[in-house]
Amino acid sequence: MSFLLAIAARNLFRNAARTAITSAAVFFGVALSILGWGFVGGLDENVLRAARTTYAGDVLLRPDGYPTDGLTYALADAAPVPPDLVSALDGIGKWTARTAFSARVVSGPDAQRITVWAYDGVRDPEVFPRDGWKVEGRWPQPGAGEVALGYRLGRLLEIEEGEEVVLQTRTRDGAINANSFRVVGLIRSDNSALDSLGAWLEYADATPLALLGDARSHVAVRVEGDHDAAAKLVAGKGFHASTLEQECDDLLALNRIRRKSLSIVVGMIMLIAAVGIANTVIMAAFERVREVGTLLALGMRRRDIRVLFMLEGGIMGLSAAILGACAGGSAVAWWSKNGIDFSGPLESMGGSMAMSTVIYTQFNWSPVAAAITFGTAIAVLASLWPANWAARIVPADAVKAD
Amino acid sequence: MICKLVGVTKSYPMGDLLVQALRNVTVGVGAGEFTVFAGPSGSGKSTALNLLGCLDRPSSGEVLLDDKNVASLSDDALGAVRARRIGFIFQSFNLIPVLTASENVDLALRLAGVEGPRAERVESALKAVGLQDYLHRRPSQLSGGQQQRVAIARALVKSPAIVIADEPTANLDSTNGEAILDLMREMNQKNGVTFLFSTHDPMVMSRARRVVRLKDGEVVADEAGAGA
Numbered sequence: 014m015s016f017l018l019a020i021a022a023r024n025l026f027r028n029a030a031r032t033a034i035t036s037a038a039v040f041f042g043v044a045l046s047i048l049g050w051g052f053v054g055g056l057d058e059n060v061l062r063a064a065r066t067t068y069a070g071d072v073l074l075r076p077d078g079y080p081t082d083g084l085t086y087a088l089a090d091a092a093p094v095p096p097d098l099v100s101a102l103d104g105i106g107k108w109t110a111r112t113a114f115s116a117r118v119v120s121g122p123d124a125q126r127i128t129v130w131a132y133d134g135v136r137d138p139e140v141f142p143r144d145g146w147k148v149e150g151r152w153p154q155p156g157a158g159e160v161a162l163g164y165r166l167g168r169l170l171e172i173e174e175g176e177e178v179v180l181q182t183r184t185r186d187g188a189i190n191a192n193s194f195r196v197v198g199l200i201r202s203d204n205s206a207l208d209s210l211g212a213w214l215e216y217a218d219a220t221p222l223a224l225l226g227d228a229r230s231h232v233a234v235r236v237e238g239d240h241d242a243a244a245k246l247v248a249g250k251g252f253h254a255s256t257l258e259q260e261c262d263d264l265l266a267l268n269r270i271r272r273k274s275l276s277i278v279v280g281m282i283m284l285i286a287a288v289g290i291a292n293t294v295i296m297a298a299f300e301r302v303r304e305v306g307t308l309l310a311l312g313m314r315r316r317d318i319r320v321l322f323m324l325e326g327g328i329m330g331l332s333a334a335i336l337g338a339c340a341g342g343s344a345v346a347w348w349s350k351n352g353i354d355f356s357g358p359l360e361s362m363g364g365s366m367a368m369s370t371v372i373y374t375q376f377n378w379s380p381v382a383a384a385i386t387f388g389t390a391i392a393v394l395a396s397l398w399p400a401n402w403a404a405r406i407v408p409a410d411a412v413k414a415d
Numbered sequence: 558m559i560c561k562l563v564g565v566t567k568s569y570p571m572g573d574l575l576v577q578a579l580r581n582v583t584v585g586v587g588a589g590e591f592t593v594f595a596g597p598s599g600s601g602k603s604t605a606l607n608l609l610g611c612l613d614r615p616s617s618g619e620v621l622l623d624d625k626n627v628a629s630l631s632d633d634a635l636g637a638v639r640a641r642r643i644g645f646i647f648q649s650f651n652l653i654p655v656l657t658a659s660e661n662v663d664l665a666l667r668l669a670g671v672e673g674p675r676a677e678r679v680e681s682a683l684k685a686v687g688l689q690d691y692l693h694r695r696p697s698q699l700s701g702g703q704q705q706r707v708a709i710a711r712a713l714v715k716s717p718a719i720v721i722a723d724e725p726t727a728n729l730d731s732t733n734g735e736a737i738l739d740l741m742r743e744m745n746q747k748n749g750v751t752f753l754f755s756t757h758d759p760m761v762m763s764r765a766r767r768v769v770r771l772k773d774g775e776v777v778a779d780e781a782g783a784g785a
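Those protein sequence lines, which keep their order, are chains A and B.
Numbering-wise (my numbering), the first sequence opens with residue 14 and increments by one.
Numbering-wise (my numbering), the second sequence opens with residue 558 and increments by one.
For reference, chain A alone in the conformation it holds in the complex (with noise of 0.2 Å):
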């Protein structure tokens, strides 16, 4: 076998061209099925990053008959979190209440419809700690009539860190109402919804200013091991439970027709490698009919005729796919560690997606593996067809072959 191996191997460079670009094919399929998988991966976890550090944890509740499409914050819905639930919670993990809300900010001539999310500034962040985000100046003080706006809130209406605001907003008996507040902190979350229309209030600000009582629209809790079980214990209490991945349900849909059709994409690169692997080597048995029959004639078995020249097209589809891999592998571990930003795509769409706007590609071995031995193996099933046909050739005709 290693004989044959170390022919099939030269053999490759007597058309060293046809070769390479044959491999190209094996080599981008190969690669861009790493990176497609890596990136979708990414933005998977993304989806779920953003969702549990900044609205949602592991399980999320929210009042029997609240909105539950994420977009629509109804005050009037809103309710005390009941003892009972608040036990529930105590006894699966760390928990936090919110109450969010519609508001205007306005700056001098300009205004802007934002959420504002009310917390507490105690349990808040135990179920999000907010590692990562990054803020320009600091959180509110409870109390000290300061607020925290996103950063490209904070950039749209040109505030600065220290300047005042008003906020207006309806409050929960409908009544309108509006506060001075000082802007203290400029945030960037992994949220790009919220950097571009979140602003923070502690209770003690947000109470006076929308008449808040005791009523709150969401509670987040985070837990270990089973989301699904944690919200079974915890629903029915008034408030109704859904999971991290029951919320980012719609956005991972999204990613799932996505990979769908990158799926799609490789196989058709794939495809066509196959059909360039079959072809380069239909063509070398095609050009070698008389070595062909040279070597029967000196007495090598048609099956080790078959097998050098599936290892030719072996030799090639897993050279190709490592290089390939090592290419597409590469970028996704480099872009897994360094991210890639995509504040510009994200920012033309008004920030409306819930996810950061910096991507982290999602490496691990398996897809590297797994395409590895897809491009190889279809590199060896394309060279079966053409590898039968020159084991077939009869010695006594090849021989003469010009």
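Source of the hints: derived by calculation from the structure; they are not laboratory data.
The structure presented is a predicted model; accordingly, all values stated were derived computationally and were not measured.
Subject to a maximum C-alpha distance of 35 Å in a straight line, what follows is the list of computed DSBU-like cross-link-like pairs (lysine-lysine): (1) A:Lys147 - A:Lys107; (2) A:Lys147 - A:Lys350; (3) B:Lys747 - B:Lys625; (4) B:Lys561 - A:Lys413; (5) B:Lys772 - B:Lys561; (6) B:Lys684 - A:Lys413; (7) B:Lys684 - B:Lys561; (8) B:Lys625 - A:Lys413; (9) A:Lys107 - A:Lys350; (10) B:Lys747 - A:Lys413; (11) A:Lys107 - A:Lys250; (12) B:Lys747 - B:Lys684; (13) B:Lys772 - B:Lys747; (14) B:Lys747 - B:Lys561; (15) A:Lys413 - B:Lys772.
A few chain A residues that don't get close to chain B, going by computed Cβ distances all over 12 Å: (16) Asp57; (17) Gly78; (18) Ser120; (19) Glu174; (20) Gln181; (21) Lys245; (22) His253; (23) Ser255; (24) Arg269; (25) Ile295.
Ideal Cβ placement from N, Cα and C applies to all residues, glycine included.
Given chain A, put chain B in place with the hints provided.
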């Protein structure tokens, strides 16, 4: 007899016709012979060589090698017979271009299933044809005459029962052709190697010890050659 055709007929389909390349031919080659199958194109000499070299099977009749009928053997079994018992020299040399001279010679030993160190045998075979300084050259780096010498070394290295050479000088100039023929004649005389040629070259026929003439698929003469 080392090998023999007994009542052999070989037919080829050509369109709707069946062309008879050999018609009930009986001819054999004994040990130590230096025999030529001569005849014009289409006479059946190459077909006879292919059958005696186990490269093809007869339509009817027997092909005997060491008194055993090999006509009905499987492809792999015939391949094994060729690998161990028969050496080939071709008109176009037919060296494997990606292998060096020594690797081409070694290939014959590998396929013959020769165990153990082969390098010494390979070097000795190439030295016997005067190519001891060209061991690591590829065929593209050798002249036509040198390539045919490598082919001779490849045919002889496994000590075959018979060497079959199909027009071995046809692609060589007269000087190289004569030199190659002299080399084979020397191996025949010194080492008793059996050679069987096909040719229509008078120079080759002049060195043969036996000339079998074929015409239209039949043996028309079997006579002593000028080299006898």
